[in-house]
Amino acid sequence: GAVVSQHPSWVICKSGTSVKIECRSLDFQATTMFWYRQFPKQSLMLMATSNEGSKATYEQGVEKDKFLINHASLTLSTLTVTSAHPEDSSFYICSASVGLTEAFFGQGTRLTVV
Amino acid sequence: GENVGLHLPTLSVQEGDNSIINCAYSNSASDYFIWYKQESGKGPQFIIDIRSNMDKRQGQRVTVLLNKTVKHLSLQIAATQPGDSAVYFCAEIGGSNYKLTFGKGTLLTVNP
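Taken in order, these protein sequences are the chains called A and B. If you read the first sequence in this note's numbering, its first letter stands for residue 71, the second for the next number, and so on. If you read the second sequence in this note's numbering, its first letter stands for residue 1142, the second for the next number, and so on.
The shape of chain A in the complex, shown without the other chains (with noise of 0.2 angstroms):
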């Protein structure tokens, strides 16, 4: 099956710091990148839908100037939390859609900010 690599799988910041995760597709091209956001226990929350060439489009409630989300390919999709707090400590995970229902999901990243 297509593979997503996320990277890194997890990383540590300190409180004011940027981080950026990055996703890509290995073997297939994506014309849509999903970014979640996952809490302990919970569900995956989409944060954002991400086209190549275009600006994302995030759901209610996410701050885009703080979730920066860059999808400069068709293969690599990247978010950036900037000027992390505790609070952004979470699993974030992508996913890389070919089509409209097919969806292929990383690693997950789990950021912890200290």
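Hints are not guaranteed to be accurate.
[What the hints assert, rightly or not] Using 30 angstroms as the maximum straight-line C-alpha spacing, the simulated DSS-like pairs for lysine-lysine come out as follows:
no., chain 1, residue 1, chain 2, residue 2
1, B, Lys1245, A, Lys134
2, B, Lys1197, A, Lys90
3, B, Lys1240, B, Lys1197
4, B, Lys1197, A, Lys125
5, A, Lys84, A, Lys125
6, B, Lys1212, A, Lys125
7, B, Lys1197, B, Lys1178
8, A, Lys90, A, Lys134
9, A, Lys134, B, Lys1240
10, A, Lys111, A, Lys134
11, A, Lys111, B, Lys1212
12, B, Lys1212, A, Lys136
13, A, Lys90, B, Lys1245
14, B, Lys1240, A, Lys111
15, A, Lys84, A, Lys136
16, B, Lys1183, B, Lys1212
17, A, Lys84, B, Lys1183
18, B, Lys1245, B, Lys1197
[What the hints assert, rightly or not] Across the chosen pairs, the derived CB separations fall in these ranges:
no., chain 1, residue 1, chain 2, residue 2, range
19, B, Lys1209, A, Ser85, 45 to 53 angstroms
20, A, Pro156, B, Gln1155, 22 to 30 angstroms
21, B, Ser1167, A, Glu133, 20 to 28 angstroms
22, A, Ser85, B, Asn1208, 43 to 51 angstroms
23, B, Thr1250, A, Gln130, 47 to 55 angstroms
24, B, Lys1212, A, Thr87, 28 to 36 angstroms
Keep in mind the hints are simulated off the structure, nothing from the lab. No experiment lies behind these values; they were computed from the predicted model shown. Where a beta carbon is used, it is the ideal one built from N, C-alpha and C, also for glycine.
Please arrange chain B on chain A, whose structure you already have, making use of the hints.
Below, chain B alone, put in the same frame as chain A:
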């Protein structure tokens, strides 16, 4: 989100038993449903899917049932194994934007 839960339902079964995990969805316009398995610290893994024009689909050891009348989805796992222990999420796609919306999830624990 519509189906985001704050508490994770749990299901505990004995190895070899059959498991049934249930999910309620709220968007009657959804026309495609997927079950995912998520192990601790990992991303969701596709298990099985079903389109709204079907009410049952079988895979290897898994069966998905869809009841559109009551907007209910279930995942049946036959002869549950310890390796099946994980959180299981249903997800739906539909409407005008084709976004994937996840249900609240169920933690399945298989006792040896």
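Results for each hint:
no.: 1; hint: B:Lys1245 - A:Lys134; verdict: holds (25 angstroms)
no.: 2; hint: B:Lys1197 - A:Lys90; verdict: violated (42 angstroms)
no.: 3; hint: B:Lys1240 - B:Lys1197; verdict: holds (23 angstroms)
no.: 4; hint: B:Lys1197 - A:Lys125; verdict: violated (39 angstroms)
no.: 5; hint: A:Lys84 - A:Lys125; verdict: holds (28 angstroms)
no.: 6; hint: B:Lys1212 - A:Lys125; verdict: violated (34 angstroms)
no.: 7; hint: B:Lys1197 - B:Lys1178; verdict: holds (19 angstroms)
no.: 8; hint: A:Lys90 - A:Lys134; verdict: holds (14 angstroms)
no.: 9; hint: A:Lys134 - B:Lys1240; verdict: holds (18 angstroms)
no.: 10; hint: A:Lys111 - A:Lys134; verdict: holds (25 angstroms)
no.: 11; hint: A:Lys111 - B:Lys1212; verdict: holds (24 angstroms)
no.: 12; hint: B:Lys1212 - A:Lys136; verdict: violated (36 angstroms)
no.: 13; hint: A:Lys90 - B:Lys1245; verdict: holds (28 angstroms)
no.: 14; hint: B:Lys1240 - A:Lys111; verdict: holds (22 angstroms)
no.: 15; hint: A:Lys84 - A:Lys136; verdict: holds (16 angstroms)
no.: 16; hint: B:Lys1183 - B:Lys1212; verdict: holds (28 angstroms)
no.: 17; hint: A:Lys84 - B:Lys1183; verdict: holds (24 angstroms)
no.: 18; hint: B:Lys1245 - B:Lys1197; verdict: holds (22 angstroms)
no.: 19; hint: B:Lys1209 - A:Ser85: 45 to 53 angstroms; verdict: holds (47 angstroms)
no.: 20; hint: A:Pro156 - B:Gln1155: 22 to 30 angstroms; verdict: violated (40 angstroms)
no.: 21; hint: B:Ser1167 - A:Glu133: 20 to 28 angstroms; verdict: holds (26 angstroms)
no.: 22; hint: A:Ser85 - B:Asn1208: 43 to 51 angstroms; verdict: holds (48 angstroms)
no.: 23; hint: B:Thr1250 - A:Gln130: 47 to 55 angstroms; verdict: violated (34 angstroms)
no.: 24; hint: B:Lys1212 - A:Thr87: 28 to 36 angstroms; verdict: violated (44 angstroms)
In this structure, the hints that do not hold are numbers 2, 4, 6, 12, 20, 23 and 24, in rising order.
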